[in-house]
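Visitor: Here are the chains, one letter per residue:
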Amino acid sequence: MVEFWAFVLGISILLYILLDGFDLGVGMLFPFAPGEAERRRMLGSISPVWDGNETWLVVSAATLFGAFPAVFSIVLSAFYLPLFLMLAGLILRGVAFEFRYKATTSRPLWDAGFVVGSYVAAFVQGTAVGAIVQGLPIENGLYAGHALSWASPFSLFCGLGLCIGYALMGSCWIAGKSTGPLRDFSFRVLPALMAALLVFLVVVFIWSVEIRLQVLHRWIDRPALLVCPLLGLVAFAGLVLSVRRRNERFLFLCGATIFIAAFTTLAGSFLPYMLPFSMTIWQAASPPSSLSFLFWGAGLFVLPVTLAYTLIVYFVFRGKMTEEGEY
Amino acid sequence: MELTPLLLSRIQFAFTISFHIIFPAFTIGLAAWLTFLEACHLFTGERIYRRLSDFWLKIFAVAFGLGVVSGIVMAFQFGTNWSELSRRTGPIQGPLLGYESFTAFALEAAFFGVLMFGRDRVPRWAYLGACLMVSLGTSLSAFWIMVNNSWMQYPTGFSLTPDGVFVPTDWSAIIFNQAVWTRFPHMIIAAYVTSAFCVAATGAWYMLRGTAVQEGRAMAVMGLRLAAILVPVQLGFGHLVGDFVHDKQPAKFAAIEGRWNDQQPASEILVAWPDSENERNLFEISVPYLGSVIGSMSLTSKELGIKSFAPQDRPPVAIPFFAFRIMVGCGLVMLALAWIGSWLSFSERLLKARLFLVATFLSFPLGFIATLTGWFTAEVGRQPWVVYGQLRTAEAATPFLTSQEVATTFALVAAVYALIFGFGVLYIYRLLRAGPIPAAALSLYGTNPKRPLSIPGASPGVSGAAKTGE
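Sequence order for the protein chains is S and Z.
Counting from 1, position 115 in the first sequence corresponds to residue 115 in this note's numbering; the numbering is continuous, with no gaps.
Counting from 1, position 207 in the second sequence corresponds to residue 207 in this note's numbering; the numbering is continuous, with no gaps.
Only chain S is shown next, with the shape it has when bound in the complex (with noise of 0.2 Å):
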């Protein structure tokens, strides 16, 4: 019962990276976009879906709170501050869809929000991967930390890098969703994004060998690990050759899969451990008790609704869009 649940929040977790990782690269990509016309057609291809994205975050949250909840009570008081701005980053995000368009002089506060909103709920996610993986301060199965141990300069620099992961997703998005200036634009932007990407992920290696990561010595331990890494790195071959050919057919899913293999290398590295490495998904999980109650409704009924029910929303507003926009 125990790793079914550690799996449900694996595959949430995944699942809410993809999916609101590329809409907030879309809030990111938005204040360079060429012209109004393109920030509408931005703002269309990701309005149908972006809500159903957030639900990840939420069933993750639950998932957490109620199969994990020592982990629930570290990991959220620990990243106190940072939170709370990625929740009104958030809201603002999610009221600026709407209120921007029925705003008669109030659209430029609208737009601000939702800008900022995308750039501070990326950066807040990767720091707190990258303090995750660094290692939070635990004794006794309690946080013993204060409100600022989550800031390192190799977290803040995580949390740089997934701004960059994020906003490379939002265009190979935007590029298989649109045609024209929009489609152009970003062709334009996913070359200086894969580098950059690049040079992020080269130095965080690095930089981890340095501090002497103790992650590093899972990698040793447990060398069949390696076949996430190269699965990474056919899927950047991808996206180069994609983008060389300005084919917007795999561009997205070549995207994707780079996250996908991130995501599994880490959660390998760090399994049995929930908390890398001082609480396995054992210690951290509710009794048997309470697992079981979540099981019978919640795991055997509304998880896969909401599966199904994502699916079909995308399956509804799947190709390109119209010339119209979704708006």
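By construction, these hints were calculated from the structure, which means they are not laboratory data.
Quick reminder that beta carbons are idealized off the backbone N, C-alpha and C, glycines included.
There's no promise every hint is true.
Below, a sample of chain S positions facing chain Z; criterion: calculated Cβ distance under 8 Å [to be verified]:
hint	residue
1	Thr55
2	Ser60
3	Thr63
4	Phe72
5	Ser73
6	Ser77
7	Leu83
8	Phe99
9	Gln214
10	Leu294
11	Thr306
Stretch-level coverage of chain S by chain Z, calculated; a stretch enters the list once three of its residues show a Cβ under 8 Å from a Cβ in chain Z [as the list claims (entries may be wrong)]:
hint	stretch
12	192-203
13	284-292
Once you've looked at the hints, dock chain Z against the given chain S.
Guide: Chain Z in isolation, oriented as in the chain S frame:
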């Protein structure tokens, strides 16, 4: 008073949850109201029900959106500000709140889409079914929240581990908790009454203005008649909740009653100014014997005073005392309005009773005030415990937070809420002012079911701006 992180966290939680509850209290009732209108339309075929339903659907959409957005912050606050609470009670509260968000997303969101964009795409009976499912979803959400809160009021079905973690041993004892079955109906009816008065007040407004009089009269009559039945039922459930508090939370009961010393027989205080410093009441007006009657249904029973409890186990007196009286006062005013209005509604006198219509129009906040003060009574009265008798609020907070940090996030949340809710309320007001317009083309272009605020034609004044691409 020193602004400790604990106090600031409590104020922050009280602020966000008070803000949040306004919207569910409204939407639970409105969902039922829409279902009722759809059923009337289906079975009688009268066009007016369809017009009313289309109109209130737009209001529902905005209120629902604001409720969802403000609810997300709630879920995270358990971990950020109350990490010890979530660590220790997580095995029980986590699954309960998990079910709440799962139900909300699965039922409400899916069928909400049909409500918003499916009017002409699904058969009428299926549309009614979708209304029913949304209504069921909002009620189920409320049910899980009430289960969770009732467990905090009256913890059952658990055992404690040595490090203070609550382990569930009997889920049926947790869910079918004695407190749930009076408090859940009390909350649901509160939501229905709140919405009924909003509907009636809107109707009275239109009748006073002389616009959409036919629709306005229908709203006022339906709202008031429903309230005429529900408010007495609500008072009955309120009494049952009071009995529960009397038996299981005697310190809270004493605070609500403003009773400092044990009394036998006890009198019931109607008006007073509790003076916590000197542990007595100023300006007290009370009815002898009534306190014993209300507390134990006898003329001679002994009722406990707040001084019978150790100082560290006493709740604050003033807030439960006043909040309770405001709640009951609102209830009685609503009862009077509902009964007078229903009586008037059986003839043509309602249209001419302008004074009554003005009173009804002004009554729209009463349900919200009663709901909020009811929650204040329940939650402040539970102090100093977060899980009654088991876990103190002071032990539940995140231990390492500083006042500056909590103040910062509080300011941030308050600013964001003020911004978006200012806009949202303005928007609801615009919709109400515009009134029911002959059935707008609701499904001209559907986009996304989960985006309540994007309902086409829902923006009088600037509607159509997006479509023409100006």
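Visitor: With reference to the structure, classify each hint as holding or not holding.
Guide: Hint check results:
1. Thr55: Status holds, d = 6 Å.
2. Ser60: This interface hint is violated because 11 Å lies over the 8 Å limit.
3. Thr63: Since the shortest Cβ distance to chain Z is 7 Å, the answer is holds.
4. Phe72: holds, 5 Å
5. Ser73: holds, 4 Å
6. Ser77: holds, 4 Å
7. Leu83: holds, 6 Å
8. Phe99: At about 6 Å, which falls below the 8 Å cut-off, the nearest Cβ of chain Z leaves the hint on S/Phe99 intact, so it holds.
9. Gln214: violated, 24 Å
10. Leu294: At 5 Å from the nearest chain Z Cβ, S/Leu294 passes the 8 Å test, so the hint holds.
11. Thr306: Nearest chain Z Cβ about 6 Å off; hint holds.
12. 192-203: Violated - the stretch 192-203 of chain S has 0 residues with a Cβ nearer than 8 Å to chain Z, which falls short of three.
13. 284-292: holds (count 4)
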